[in-house]
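A.B. asks: Given next are the chains, with one letter for each unit.
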Amino acid sequence: MDGLKGDSIASALHAQGIKTLTKSLRYDLPRGFFCGIGKCSSCLMRVNGIPNIRTCIAPLLEGVKVEIQDKLPDIPDAKFQSKPKKIVSVDILVVGAGPAGLSAAIEAAKQGTKVLIADENLQIGGQLIKQTHKFFGSKYEKAGTRGIQIAVDLEKELKELEKSGNIDLMLNSTVIGCYEGKKGKHKFAIIKRKNYDSILYEVESRTVVIATGAMENMLLFTGNDLPGVYGAGAVQTLMNVFGVKPGNKVIMVGAGNVGLIVSYQLLQAGIIVDRVVEAAPIIGGYHVHAAKLRRYGVPILTSHSIIEAYGKDKVEGVVIVKLDKNWQPIKGSKEKVACDTVCLAVGLTPSTRLLYQFGVNMEFVPEAGGFVALHDDSMQTTVKGVFVAGDSSGIEEASTAMVEGKIAGVSASLLLGFNKNAKDLKKQYKKELDRLRAGPFGEKPRIAKRKIDKLLEKKNA
Amino acid sequence: MHSYEKDGILTLEDLVIPTKKQLEKGVAFIECIQEIPCNPCVDSCPVGAISMKNINAPPIVDYDKCIACGQCIGICPGLAIFLIKTKGDKVFITLQYEFLPIPIVGNKVKALNRKGEVVDTAIVKRIAKKDKTFIITIEANKDFAMEIRNIRV
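So the protein lines, in turn, are chains S and D. Under the numbering used here, think of the first position of the first sequence as 1, with each following residue one higher. Under the numbering used here, think of the first position of the second sequence as 462, with each following residue one higher.
The set of hints was computed from the structure by calculation and includes no laboratory data. Please note that the accuracy of each hint is not assured.
[Unchecked claim] Computed far set for chain S versus chain D, every beta-carbon distance over 12 Å:
(1) L158
(2) N217
(3) Y286
(4) A290
(5) K292
(6) N361
[Said to hold, decoys possible] What the simulated footprint calls covered on chain D by chain S, stretch by stretch (three residues with Cβ under 8 Å from a Cβ of chain S suffice, anywhere in the stretch; the number is not a length):
(7) 465-475
(8) 483-497
(9) 537-547
(10) 559-573
(11) 584-592
[As the list claims (entries may be wrong)] With a Cα cut of at most 27 Å, we get these calculated DSSO-like pairs of lysine-lysine:
(12) D:K576 <-> S:K325
(13) S:K245 <-> D:K576
(14) D:K514 <-> S:K431
(15) D:K591 <-> S:K139
(16) S:K420 <-> S:K384
In this text, a Cβ means the ideal position worked out from N, Cα and C, and glycines have one as well.
Take these sequences, add in the hints, and give me the full structure.
C.D. replies: See the structure below:
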């Protein structure tokens, strides 16, 4: 297999038309990757004899041996379990180097704390690295700047602080667990991968900011596990990070901002977007994004949904149906459409597994995208010293994620006694956040945060 | 419910149309009517012709104040600002273009409306580049001044 420098194993396989990466456990059905960002399990393969490697975030290296796993993999007789570990101690551990995590780490390091930031991806920037469009907001959130450029700017700022010794960055590293440490400290196990091998770190920190982002939602329909059905973000990663075309003709499901923006970027990559279907009666994303698509002749069909994806071993087409005002399929409205790719842009769910390990109070808040950690306006959860920021604290935009990250960063610093004008900064950031959420598109996060406030009050009463 | 919420296409009733005189002078025409948190166009205007009550309010252009400099065109993350200037029976429309291939000055291109339908053939008059986005001015038939919003090379 050939590939380019910077490819992941999965992107290199895709570039060569290999879409089946794994088989389902019971029925042996082919599966391709779904999230493309290391969050799900549909790209697990055996790499150099080691099973369950997430090939979407594993780098492609010279001479690597990649195999499809035969159902449940055997545990290899490797010696990697008795390796020595490295021990590190910091003031703040930030988990996730996306917009929220980077902002938190930068802000905290500026306060003088010693920060370690860990991320499981190969590149810094989280999902910013695939956002080729310009961001909305005001000059304070770098409006009018492309997401990819914001990632570059944040990385530059981080590298400056790295020189001063206040920040350490660990990429290709997964925080696999957290434990109780000594004297109120938190203890973490981090696996740092290197050439498919790994080093175990034991990290002790006084506070932690969880900025682990979110994962794309699956939608229930026949054939939703066929290779060729992707999360819209996964397709964006394939195209914009790895330069690999996901297919030639796409049906986009969901007309929120993600669905609209990714559709436009598919067009930019020279891929046909046959149509966008949206189950709701109105387009959920910004009109300006919808207008960009319509100007290229892409239809957006509201009150429409997908009920089936069909094909042998990969998507060959879909069945679309019109919905009535109760969101029920209208008889006789079925339409078969040939395509090789289905993108699902039907919302996100916060990634919260680490938060559960801390024992923080988790509650189901639909407007936040699922279960989220209760947190106060300093972004601190119900466990002292554990902060959240960005999508993992409730689904929202990258611009608000950055501000939340800043608030978490200064708040964690304040808790540790670092205060370089931190209180004023916190006030300023809170104002910024309120401003961003003030309009009708900020209603959902407003409701979510209000519910979280109330649940927290009830819990504290 | 507005029709654009269903189909993504604005009608002229959704917009504040400049007068004939204002169009002859040239104006920035903004097709951004929802309350979204975004305001770089306001900051980009050198004469303060674009205003907003707050960051979520839709932008309002004072067509008389606007000097048609085009500063706001390339800054708009929604690709929603068009510079429109009429001259005789021609219209000059400036828009953001993010596709390949990039045309060259003098090229004949297809002029598309808000639905992506071809309504005219236009001539590329000027090409500028700002932050990886091409800002292209085309010349077309004046009748389509309020229709043409895209090109196909």
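A.B. asks: So, for every hint listed, does it hold in this structure?
C.D. replies: Hints, one by one, checked against the model:
no.: 1; hint: L158; result: holds (22 Å)
no.: 2; hint: N217; result: holds (23 Å)
no.: 3; hint: Y286; result: violated (5 Å)
no.: 4; hint: A290; result: violated (3 Å)
no.: 5; hint: K292; result: violated (6 Å)
no.: 6; hint: N361; result: holds (30 Å)
no.: 7; hint: 465-475; result: holds (count 7)
no.: 8; hint: 483-497; result: holds (count 6)
no.: 9; hint: 537-547; result: holds (count 5)
no.: 10; hint: 559-573; result: holds (count 4)
no.: 11; hint: 584-592; result: violated (count 1)
no.: 12; hint: D:K576 <-> S:K325; result: holds (25 Å)
no.: 13; hint: S:K245 <-> D:K576; result: holds (26 Å)
no.: 14; hint: D:K514 <-> S:K431; result: holds (17 Å)
no.: 15; hint: D:K591 <-> S:K139; result: holds (17 Å)
no.: 16; hint: S:K420 <-> S:K384; result: holds (21 Å)
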